[in-house]
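Below, each chain spelled out in residue letters.
Number of protein chains: 2
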Amino acid sequence: MSESINREALKKLSYGLYIVSSILDGKKNGQLANTVFQVTSEPPQVAISLSKNNLTHEYVEKSGIFSVSILSESTPFAFIGLFGFRSGRVIDKFEKTGHKFGISGCPIVIENAVSAIEARVVKKIDNGSHTLFIGEIINAEIFGNDRAMTYSFYQENLKGKTPKDSPTFIPLME
Amino acid sequence: MSESINREALKKLSYGLYIVSSILDGKKNGQLANTVFQVTSEPPQVAISLSKNNLTHEYVEKSGIFSVSILSESTPFAFIGLFGFRSGRVIDKFEKTGHKFGISGCPIVIENAVSAIEARVVKKIDNGSHTLFIGEIINAEIFGNDRAMTYSFYQENLKGKTPKDSPTFIPLME
Numbered sequence: 026m027s028e029s030i031n032r033e034a035l036k037k038l039s040y041g042l043y044i045v046s047s048i049l050d051g052k053k054n055g056q057l058a059n060t061v062f063q064v065t066s067e068p069p070q071v072a073i074s075l076s077k078n079n080l081t082h083e084y085v086e087k088s089g090i091f092s093v094s095i096l097s098e099s100t101p102f103a104f105i106g107l108f109g110f111r112s113g114r115v116i117d118k119f120e121k122t123g124h125k126f127g128i129s130g131c132p133i134v135i136e137n138a139v140s141a142i143e144a145r146v147v148k149k150i151d152n153g154s155h156t157l158f159i160g161e162i163i164n165a166e167i168f169g170n171d172r173a174m175t176y177s178f179y180q181e182n183l184k185g186k187t188p189k190d191s192p193t194f195i196p197l198m199e
Numbered sequence: 026m027s028e029s030i031n032r033e034a035l036k037k038l039s040y041g042l043y044i045v046s047s048i049l050d051g052k053k054n055g056q057l058a059n060t061v062f063q064v065t066s067e068p069p070q071v072a073i074s075l076s077k078n079n080l081t082h083e084y085v086e087k088s089g090i091f092s093v094s095i096l097s098e099s100t101p102f103a104f105i106g107l108f109g110f111r112s113g114r115v116i117d118k119f120e121k122t123g124h125k126f127g128i129s130g131c132p133i134v135i136e137n138a139v140s141a142i143e144a145r146v147v148k149k150i151d152n153g154s155h156t157l158f159i160g161e162i163i164n165a166e167i168f169g170n171d172r173a174m175t176y177s178f179y180q181e182n183l184k185g186k187t188p189k190d191s192p193t194f195i196p197l198m199e
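Line by line, the protein sequences give chains A and B. This note's numbering applies: residue 26 is where the first sequence begins, and numbers increase by one. This note's numbering applies: residue 26 is where the second sequence begins, and numbers increase by one.
There may be inaccurate statements among the hints.
Copies of the same chain look alike in the list, so a pair counts if it works inside one copy or between any two.
Below, in silico cross-link-like pairs of lysine to aspartate or glutamate (EDC-like), each with a Cα-Cα straight-line distance of 16 Å or less [unchecked claim]:
| hint | residue 1 | residue 2 |
| --- | --- | --- |
| 1 | 125 | 136 |
| 2 | 36 | 171 |
| 3 | 36 | 67 |
| 4 | 52 | 120 |
| 5 | 77 | 67 |
| 6 | 125 | 151 |
| 7 | 36 | 166 |
| 8 | 148 | 120 |
| 9 | 184 | 98 |
Rather than coming from a laboratory, the hints here were simulated on the basis of the structure.
Just need the whole structure built from these sequences, with the hints factored in.
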């Protein structure tokens, strides 16, 4: 038997939809991410996988802090587009976004979030195109009782609304 | 401000429900897991977090191979119980479970699976109670068109059916 990778099989994995934020030299940035999960309970630690191409990757790597905002199922597409389709190198994504600062000084997106986690990086794993950051959770709080957005809910209910000819119609996450 | 970790905030993270399997000295074993995600696209790599207490952890660590079967939303609770509530040290979970062997020799659960991934371990990250294994995907295939089970679907639709006084009523995954 030889190797045969059907990419559709990988798409059956389940994810949520999150904003991962960080700060560097006073500059805030955040990006959409689906690859976030808790890896241990005691102490509580979370893993995130970020593309090396992204500005948020640079901020997390250099500052050693990040936050994860867990998006509500009712998050509007325009908000997702701001964090998923635009680069923080060009615009300030936090200018009109409801947020606060955590105990580490990390920005935390509150708008459209059901809860948020703040963490300090304890390990970095280089996986090639992406880095996996393991963070020890230093703060976690609930903002609301809405259902959390899953990636499949996003794909089934929101992504279809994107105009096909829109300049922002690009793959959301690789 | 001081640290304050509301564990309910962490429960808003979204997961799927999977069987992670491996083999050692001809002995097959598999366990329920929710912490599986793809970390890179080129080459395709997947990360899984397993408790050091589990037999599957020992098999994956020593053999360097594992498979991930992505469960269908229609998976019966008894099947989940077999892989989630019983130890492979006591019973052979594969005896009556539909499975096959992958190109690495790793067992792959087919029964109740919508798709499966086979991988070779390329990195191990010790996070304390759990190890995060990074695997390079060597095979991936689709078995059906059913919806994949999410962890929240499981909690809302299946977990409630467990008798509270059952000896198997234990936390499924920490």
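Going through the hints against the structure:
1. Taking the shortest Cα distances, residue 125 and residue 136 sit within 16 Å of each other inside one copy (10 Å), while across copies they are farther apart (47 Å).
2. When the C-alpha separation of residue 36 and residue 171 is checked against a cutoff of 16 Å, the pair qualifies only between copies, where the shortest distance is 13 Å, while the shortest distance within a copy is 25 Å.
3. In this assembly of identical chains, residue 36 and residue 67 lie within 16 Å of each other by CA distance solely across copies; the values are 15 Å between and 30 Å within a copy.
4. For a Cα distance limit of 16 Å, the shortest separation of residue 52 from residue 120 inside one copy, 11 Å, qualifies, whereas the shortest one across copies, 57 Å, does not.
5. Taking CA atoms no more than 16 Å apart as the test, residue 77 paired with residue 67 passes between copies only; the shortest distance there is 13 Å, against 29 Å inside one copy.
6. Taking the shortest Cα distances, residue 125 and residue 151 never come within 16 Å of each other, neither inside one copy (30 Å) nor across copies (33 Å).
7. Taking the closest pair of Cα atoms, residue 36 and residue 166 come within 16 Å of each other only across two copies (11 Å); inside a single copy the shortest separation is 30 Å, beyond that limit.
8. Proximity of residue 148 to residue 120 under the C-alpha cut-off of 16 Å is found in neither arrangement, the shortest distances being 31 Å within a copy and 39 Å between copies.
9. For the homomeric pair residue 184 and residue 98, the shortest alpha-carbon distance inside one copy (13 Å) is at most 16 Å, but the shortest distance between copies (23 Å) is not.
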